[in-house]
Structures are given as structure tokens and as C-alpha cells.
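Sequence order for the protein chains is F and P. With our numbering as the guide, the letters of the first sequence map in order to residues 1 to 398. With our numbering as the guide, the letters of the second sequence map in order to residues 1 to 202.
Quick caveat, the hints were computed from the structure, so don't treat them as lab data. As the structure is a prediction and not an experimental result, all values here were calculated from the model. Among these hints, one or two may not hold up.
To give an idea of the chain P side of the interface with chain F (calculated C-beta under 10 Å), a few residues [as the list claims (entries may be wrong)]:
1. 106
2. 111
3. 112
4. 113
5. 114
6. 116
7. 119
8. 125
9. 126
10. 130
11. 131
Heads up, the beta-carbon is just placed ideally off N, CA and C, and yes, glycines get one too.
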Amino acid sequence: MKQSAYIVGTGIISAIGANTASCLASLVNKTAGIGKAHFLKTHWQDELPVAEVKFSNEDLAKMAAVHELWPRTALLSMIAAKEAWSPFQDISKGLRAGFFSANTVGGMDLTEQFYPGFLKDNHTGDKVMFVHHECGAITELVADALGIHDFVTTISTACSSSANSIMMAAQMIENGMLDIAVAGGADCLSKFTLNGFNTLMILDKQLCQPFDQNRRGLNLGEGAGYLVLMSEKAMHQCNASAICTLSGYANANDAYHQTASSPDGIGNKLAMQGAMDIAGITAKDISYINLHGTGTANNDSSEGKAIEQLFGDKIPMASSTKAYTGHTLGAAAAVEAVFSVLSVRDGIVYPNLRFETPMEDISWRPVTELKTGQDIRHVLSNSFGFGGNCSSLVFSKC
Amino acid sequence: MNEQLTITHYVRINRTKAEKDNTPLLLSTAGQQPDDWYRVLGHAYLKFFKMDVLSKWAWLGAEILLSGKDGFIYNGIDKDKIGLVLTTAQGCLEVDKKYLQTVAEIPSPALFVYTLPNIMLGEICIRHGFKGEQLSQVTDGFDGAAIWFWANDLMQHKGMDACLCGYVDATDADMDLCLFWVEKNKAGVALTTAHLATLYKQ
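Excised from the complex, chain F in its bound form:
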């Protein structure tokens, strides 16, 4: 018999705050974190707004209590994972703990600094700048610093990465393979990702407007988010109380295009329906959808249509929080998982900032004002990645 995976803690850092409380305060106060790049040195400094975490690598290293030559993704990962893990670190002795961390950028930020000099003279440069280049190296650094060793893995499936890491963690707890999991993901801004997305012509030169008829594209962001998942046994030993459960999850692929969703969101539909099936609920049970909602013409149209097909004329409250945090890629699903958990906990729904004009090709519109005092029973959180890699998670009141 499968057991439930309970969510007992969260950790987050993003452009709108360096921990759960400060991010929540920004969400409630409608304070977005997108603007001119300050720490990322790029040709596009003045043209492409980004959602940067407002600390230098040196400051982040002090906050994380680690070496400042860690890649920025690892620094962000450490800060958020530590917030999630520290309440349980010393009281979970004897329990099997796993660290599931997604990312897509790896140590690219440091490699980018190293490479121009090395290209001119291959006798220059310090290998410390690229030894953590690979995505898995980020996870290893942080897992070692957290002292989690029973199971450690990295998932890199573009923008759905951290949904898949949370899904895998839940499956291992449900099947009795682990007692505790810290699961989520991290990604920092880099020239590599900014230029790549710019090549695809899907970056907004202004502040993004998800689910608006006149949306122009996405703003990239950075951050990290983690959930602590526990079995009932682990909760008992740690005297932890559940905020909610991860009741459903699904991953599907719409096998349509390298970087675009199919027009009617086949993969999106499969992921959402699959997650609700596992949770044992139907469309009418969903209280709130945290949209993938990147602000690109393609995503919002596909996602919007897929939702319409699944939910008919009874569309639940829905909003994209990427208007606050930017699109944090490998961290996005985990950042939004934290927001979804807080939505269940506090009975709140976040506004979809900067919404002006309803989309013509869908019949519904997102929530634009903060809703409080809601009875949020089930939150569906969507994360759809390049390669057609689509994931949905369902968080449910216990």
C-alpha cells in the first residue's frame, strides 16, 4: 500500500525575496522583482529586463556560509535548501533522507567568465572556474553541505525540471524507499540562457504580461525553491506537521517541436489530467491553478486552450506568478510549488500582475487581484518545458 508524501517545509530565494516569508510578503503586496540586470554582465543590460536575485555572489556566499567561488546556481540552491532543511537536520537521525535538485544552467556563469581569457591564452585561468560546470556538480556541492547522502539526484528537463524532481521524491517516499526528501531546483541567470532565449525571439523587452492578448514574451529570472516531503513515520519522529500533501503528479510529452508547445496543448492536457487522476480528483475539485504562464504567445495560448478543454466553462481561479519572479527555468516549478503550498496553507490566490486585455483565443481570464480567505483544497501547478516536457503537480489540503 502506498503511503502519502506530506509537505512539511519550504525554502525559497527569488527576485522577490530571500526566504519564504519575504517572497510571500512581495506576492501579497504585488511587488514584482523584474528590472535592469545589475549582477549579470551582458550586452543586453539596458534592453532585456530580468528578475535577478538582489545579492552579489559574495553576499550570497555569506548567507549560505559557503565558498564564494561556488557557481551562483549552487549558492542560490544552498540558501533555499538550507531554509527548508535546517528545521529538520538535527532531529532526523536514523531516517533515510534524499536530495532531489533540478537545474539547467549548472556552473555556466563561472565558465562564461573563464572562457574568454582561456580562448586567448590557454595557459591562463583557474580550473575552479569550470570544475562545477556540469549540472550534477551543483547538486553534489549542496548535498554535501547539507549532509544529505542517502539518495542524491539531479534532474534536467528544461522548464519542468524541478516539478519532475518533486514528483520523483514523492514517488520514492510513497513507495517506502525514503523517509524524507528535500526536493526542488535552482538556476541562476547566465549569458548562455539569456542569449539562447533571445535567439528564439521569445524575450519581452518590457515587463512580461502573462495571459494578456498583447503579451510579447517572457522575462528570465533566477532563484531556487525546495519542499521538504516526509512520510508519516518521519513526521512522527520529527514532530513535524503537514502543510499539505502532494496528492498528484504527472509528466507527459507532446512530441511536437524542440522549443514550442503543440497549438492545442496535447502534452499540457495529458499532464494536468494525469496529475488529477493520481490525486483521485476531477477538474471541478481544483481551487486554483498556478499557471506555467510564461508570457510567450505560444505557451499561454496552448496552456489556455488545454485548460479550457479540461475545465470547460468552470475554469478555477488561475494566475501566473512569473510576472513577479520572471521565468526561473530549472527552479520555476519549485518556486511555484512553494507558492502553491502557501496558497493551500493561507487560503490565498495571487494576482496575475500587469494583466490588461483578455486573450482572444480563450474564453477565460486570470485572477488579477489578491484573493484572501479562500478555501483552497487542491492547487494544480503547471510547468511545461522545451522538448515538450510537460509536468503538473497537485497540492491538497490534508
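Chain F is already provided as a structure; the job is to place chain P on it using the hints.
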């Protein structure tokens, strides 16, 4: 449990020959450019013309390999259990160079999306609806041991019932392709490193 794995079909195309299952392809005079092959094969798959040269050859090779007398040879096999293992030496370098030339002006999104060698797997999977385990690997040249290792592993241990595997290497000037269709408990050439190398070299 060790299953008997056999190479039931193969396709071999390079600058001097083109054959399938030890029989010269009638198309062998069609010229070296993938677009010519596409036209001779009489396909209607317009997305083909968007592909980079590596994906084009991989797509064509798969098309020739998988076409049988009565439709596709994978009919009847669960597409979730069809694996794909393709190796390449030069990967997508040709399109990498072309993309780099556009960066100074307007970086081309159409070229950019092909600047990963594993895109050839995606193009074949989208065409045929394969959803099994997949791997793309850069090797120094044709490496029968590497192809054997992954195809064997996918079929013995990872639940695959069939596997399209082999080597695709392509630039605008040259190409070298050898693809194999591997199945369980069928008559044919046993899947071994030596047999893969022989079919490539002969």
C-alpha cells in the same frame, strides 16, 4: 533473463554505396544531397526542409530502414518500448557554424533549434511516434562496442522490445550512415560488436 537479440534489418549509406539488408538500394544514383533522396523517396513531410543536415540524414536513414513491404516494420510493437541509440562523430557542427555566422546580424532561431546533435532523435520520434528510452552520444567514429552496449542494455534491462541504433555523421560535403533495427528472438544476425562493425565496414 538474457534475450536473444538480433539485427533484423540494416541500412548502410556513404559516398560510394547505399544498401539495405545487403541489397543495393535502387536509389543509389540519387546523388549525395539529402533533399534529392527525399524527393526520390516521394515523401510529403514538409518539416524535412527545416532540418539541419544531420537530422535530415538520420530521418532519411530511419525512413528507409523502417519501411517494409506492408507498411512500417514496427507495426504491432508498442511504441513506448521502441528505443533509440544514435552515435555521431561531428554531431551538429555544420549547423553550429551556420548559426554562428548569423549571430553578428540577427541570430537565427530556425538554425538555433538544431544546434544539439540529439535533435535527430526527436525528429525520428516525432515522425514515428516512438516514446521509448533514447540516447545520443558523440563518439570518435563508428564505435560498434558503444552501440552494442547501449542497445543491449536498453533491451535486456530497460524494457525495450526493439531498438533503432547506429551511427550518423554528416556535413554538407560528406556523410556516413549505418543504422540497425534490433529485435528480440527473431531470425537474423546476432547483435554483437563484431557484427555491427562488419556490417558497417563491408
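Restraint satisfaction for residue 130 of chain P [CB to CB of chain F, less than 10 Å]: 9 Å, holds
Chain F contact restraint on residue 119 of chain P - CB to CB distance below 10 Å: Status holds, d = 6 Å.
Close enough to count: is the Cβ of residue 125 of chain P nearer than 10 Å to one in chain F? Status holds, d = 6 Å.
Hint check: 10 Å Cβ-Cβ cutoff, residue 126 of chain P to chain F: 5 Å, holds
Interface hint status, residue 131 of chain P versus chain F (Cβ within 10 Å): It holds, given that the least Cβ distance between residue 131 of chain P and chain F is near 7 Å, below 10 Å.
At a threshold of 10 Å, is the proposed contact between residue 106 of chain P and chain F supported by beta-carbon distances? 9 Å, holds
Restraint satisfaction for residue 113 of chain P [CB to CB of chain F, less than 10 Å]: 4 Å, holds
Interface hint compliance - residue 111 of chain P to chain F, C-beta minimum distance less than 10 Å: Since chain F brings a Cβ to about 9 Å from residue 111 of chain P, closer than 10 Å, the hint holds.
Take the shortest C-beta to C-beta distance between residue 114 of chain P and chain F; is it under 10 Å? 8 Å, holds
Against chain F, run the beta carbon of residue 112 of chain P and see if the smallest gap drops under 10 Å. Nearest chain F Cβ about 5 Å off; hint holds.
Answer holds if the nearest beta-carbon of chain F is closer than 10 Å to that of residue 116 of chain P; otherwise answer violated. 8 Å, holds
In summary, this structure violates none of the numbered hints.
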